[in-house]
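Enquirer: Sequence:
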Amino acid sequence: MLTRRHLIRTGYTAGCTVCAALAAGRLSQALAAGTVTLSEINGPSYALRFVGSQRETIMMGKRTALLDLRTLKGRRHVYGIGPIEGLAGEVTIVNSRPALARVGADRLVHVVESYDSGAPFFVWAEVAAWQTEVVPSSVRTVKDLETFVGNVGAKVGLTQAFPFVVTGMPELIDFHIVDAKPDTPPGMADHAKIQIQFDLRRQEATLVGFWSSQHQGVFTPMGANMHVHFQTTDNKVSGHVQGLDLGQGGMTLSLPKL
14 MLTRRHLIRT GYTAGCTVCA ALAAGRLSQA LAAGTVTLSE INGPSYALRF VGSQRETIMM
74 GKRTALLDLR TLKGRRHVYG IGPIEGLAGE VTIVNSRPAL ARVGADRLVH VVESYDSGAP
134 FFVWAEVAAW QTEVVPSSVR TVKDLETFVG NVGAKVGLTQ AFPFVVTGMP ELIDFHIVDA
194 KPDTPPGMAD HAKIQIQFDL RRQEATLVGF WSSQHQGVFT PMGANMHVHF QTTDNKVSGH
254 VQGLDLGQGG MTLSLPKL
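The sequence shown begins at 14 in our numbering and counts up by one.
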């Protein structure tokens, strides 16, 4: 059941194979020119990469795309999150299925299944294999999940930054879509004003997140070790998770397999 402060609409575009092919070399060209710094963390069954930083985008107003998302099109088992260039929406990729979520002039959320955009900062991983763990019913909130993911990650030997996935039917997802304008000033106060709020209740969804104790202000928010987006199974709703009630059980955590 979907209940929320605003109605949600969705649209789909097929994308452009030719455009993707033309874009395929842009990231490597930018790296060679020294205009983009790509950081990489290699785990036992995943490669995690990130460009830009949340801090620079929000606090310094660096909203120009550093990553052309079309460079990821065609790659297998990609999971990624970040904002759309200009802080004009949210990007979520679940197993190579993209969702670009924006707030339209009608104040409704429009989700487009496409790679045709860019991101001022972005974190993504290609995951070869997963291991699963049942999420206990005591884990319900965002803070609960952050602690649980960190503890399970440490228990299974994930000592670096890593991606994770949570699947099931949460009781509630509180989420937002950023909707900055060209004249929106940088800084946390104005950033809070562009976060348009929505609710999703009891709908099958996949949460894709990244956990790290070393990247606050880079790809996790300041004061947090976790950054999470979500995508519904039908890819009609997506956004940045800011609050959760995972309910009384039935959720599954997936972590990269050792």
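The set of hints was computed from the structure by calculation and includes no laboratory data.
All figures in this text were calculated on a predicted structure; none of them were measured in a lab.
Treat the hints with caution; some may be incorrect.
[Unchecked claim] With a straight-line cut-off of 30 Å between C-alpha atoms, the simulated DSSO-like cross-links for lysine-lysine are:
1) 249 with 206
2) 206 with 75
3) 156 with 270
[What the hints assert, rightly or not] Pair by pair, the computed Cβ-Cβ distance ranges are:
4) 235 with 144: 27 to 33 Å
5) 55 with 206: 23 to 29 Å
6) 202 with 150: 36 to 42 Å
7) 53 with 206: 31 to 37 Å
8) 51 with 182: 23 to 29 Å
9) 110 with 169: 36 to 42 Å
10) 246 with 151: 39 to 45 Å
11) 256 with 141: 18 to 24 Å
12) 68 with 256: 37 to 43 Å
13) 168 with 60: 21 to 27 Å
14) 149 with 50: 24 to 30 Å
15) 203 with 141: 20 to 26 Å
16) 55 with 156: 15 to 21 Å
17) 185 with 120: 40 to 46 Å
Ideal Cβ positions, reconstructed from N, Cα and C, are used throughout, including at glycine.
Enquirer: Can you name, in rising order, the numbers of the hints this structure does not satisfy?
Expert: 5, 8, 9, 10, 11, 12, 14, 15, 16 and 17
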